[in-house]
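Participant: Counting with our numbering, you get residues 74 to 342 for the letters of the sequence shown.
Any given hint might turn out to be false.
Stated by the list, open to error - Label pairs and their computed distance ranges (CB to CB):
id : residue 1 : residue 2 : range
1  : I84       : L183      : 31 to 41 Å
2  : S241      : I150      : 22 to 32 Å
3  : L110      : N199      : 36 to 46 Å
4  : A76       : A245      : 56 to 66 Å
5  : T181      : I154      : 39 to 49 Å
Claimed, not checked - Below, computed lysine-lysine pairings styled on DSS-like, alpha-carbon distance capped at 30 Å:
id : residue 1 : residue 2
6  : K169      : K253
7  : K169      : K288
8  : K231      : K253
9  : K167      : K260
10 : K253      : K167
11 : K260      : K247
12 : K231      : K247
13 : K106      : K167
14 : K106      : K169
15 : K231      : K169
16 : K260      : K231
17 : K288      : K106
18 : K167      : K247
These are calculated hints, taken from the structure and not from any lab test.
A virtual CB, placed ideally from N, CA and C, is assigned to each residue, including glycine.
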Amino acid sequence: MLAKIGKIIAINVVALLFLFPFLFLLMNTFKGKMEILKNPLAFPTEWSLDNYIEAFEEMNYINSITNSIIITVIGVIVLNIFGAMMAFYLARFKTKANSIIYLVMTATMLIPFQTLMIPFVSIYGNLGMLNNRWILIYFYLGFGISLSTFIYHGFVNKLSVSLDESASIEGASKFAIFWKIIFPQLKPITATLTVLNVLWLWNDYLLPSLVLVNKDRTLPLNTYSFFGKYTSEYGLAMSGLVLSILPVIVFYLFMQKHIVSGITEGAIK
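Based on the provided sequences and hints, a complete structural model is requested.
Facilitator: Right, here's the structure in full:
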């Protein structure tokens with residue numbers, strides 16, 4: 074009995090430690106700048122939504138969240154489809170060339186993006202391929218396809234080849250086999266990848282800051298606008314941050330069960 078109570082207390086303490094940064098952030102969004110600087114750990118003396126109202130206007134929130142939604146939704150769809158198709162091709166057509174391609178793709182995941190930033194901006198800037206959200210989606214495909222392919226590849230390898238052979242005997246093309254037989258069975262891992270890629274694309278700051286210089290800015294980019302060289306509007310910045318992360322938190326809470334189910338089914342197959 075004591076062990077059970079101790080376990081419950083320990084779980085609650087750990088949960089509180091994880092929640093504290095968010096609670097601290099949320100609490101300070103209702104304060105003025107001077108009150109935040111004076112006592113950031115205290116509750117607001119007067120609860121006010123002024124920071125949220127001003128942050129909503131300063132961030133051009135409707136335009137920013139629209140850009141974030143377009144980039145995230147299309148980016149995730151492209152990564153899932155191309156990753157699944159590439160994994161199917163590499164897993165089902167086992168040639169030496171495909172083995173080399175797969176090894177190269179997995180090896181690229183070890184290269185940090187920071188090492189590519191300067192040549193990336195230089196080359197694509199000279200080609201006039203920056204400052205466009207569609208180009209940003211194209212870049213996300215290039216940087217994210219390796220992980221998607223890697224995860225899908227392990228799942229496709231666990232699917233029986235007899236399914237492909239039976240469909241092929243019936244006259245189905247490889248394209249039809251993929252869309253009607255293979256891809257529907259990838260639903261659990263697709264849901265898992267969707268959650269992971271949404272969290273990545275929605276919260277990413279570095280790549281959009283290099284590509285979206287003047288327009289089509291996302292929520293993380295506009296949140297940073299509250300931090301200047303000589304002054305920082307902490308209340309507005311925290312309110313903007315809450316407005317930025319709230320949609321993806323709701324999405325994650327709705328989809329989190331698919332992460333566990335995807336990993337579990339992938340292990341069973």
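Participant: Determine for every hint whether it applies to the structure shown.
Facilitator: Verification of the hints:
1. Between I84 and L183 the Cβ separation comes to about 35 Å, which falls inside the hinted range of 31 to 41 Å.
2. Taken as a hint, the range 22 to 32 Å holds for the pair S241 and I150, whose Cβ atoms sit roughly 28 Å apart.
3. At roughly 44 Å, the beta carbons of L110 and N199 sit within the given window of 36 to 46 Å.
4. Range check, A76 to A245: about 57 Å between beta-carbon atoms, so the 56 to 66 Å window is met.
5. The hinted window of 39 to 49 Å between T181 and I154 is violated, with their beta carbons roughly 20 Å apart.
6. Between K169 and K253, the direct Cα distance comes to roughly 28 Å. Compliance with the 30 Å bound is thereby established for this hinted pair.
7. Taking the CA atoms of K169 and K288, the gap is about 45 Å. The hint is violated against a cut of 30 Å.
8. The hinted pair formed by K231 and K253 meets the criterion: a straight-line CA distance of about 17 Å does not exceed 30 Å.
9. Restraint check for K167 and K260: satisfied, since their Cα atoms lie roughly 24 Å apart, inside the 30 Å limit.
10. The suggested pairing of K253 with K167 holds, with an alpha-carbon distance near 21 Å, which does not exceed 30 Å.
11. Between K260 and K247 the alpha-carbon distance is near 19 Å, which keeps this suggested pair within the 30 Å criterion.
12. In summary, the hint linking K231 to K247 is supported, as the alpha carbons are separated by about 18 Å, within the 30 Å threshold.
13. The hinted pair formed by K106 and K167 fails the criterion: a straight-line CA distance of about 61 Å is larger than 30 Å.
14. At most 30 Å may separate the alpha-carbon atoms for a hinted pair to count; K106 and K169 exceed this at roughly 62 Å.
15. Under the criterion of a C-alpha separation no larger than 30 Å, the hint pairing K231 with K169 is consistent with the structure, at around 20 Å.
16. Taken as a hint, the K260 and K231 pair is honoured in the structure, with Cα atoms around 14 Å apart against an allowance of 30 Å.
17. With a C-alpha separation of about 29 Å, the suggested pair K288 and K106 falls inside the 30 Å cut-off, and the hint holds.
18. For a cut-off of 30 Å, the pair hint linking K167 to K247 stands: about 15 Å separates their Cα positions.
Consistency with the previously given hints fails for numbers 5, 7, 13, 14, ordered from lowest to highest.
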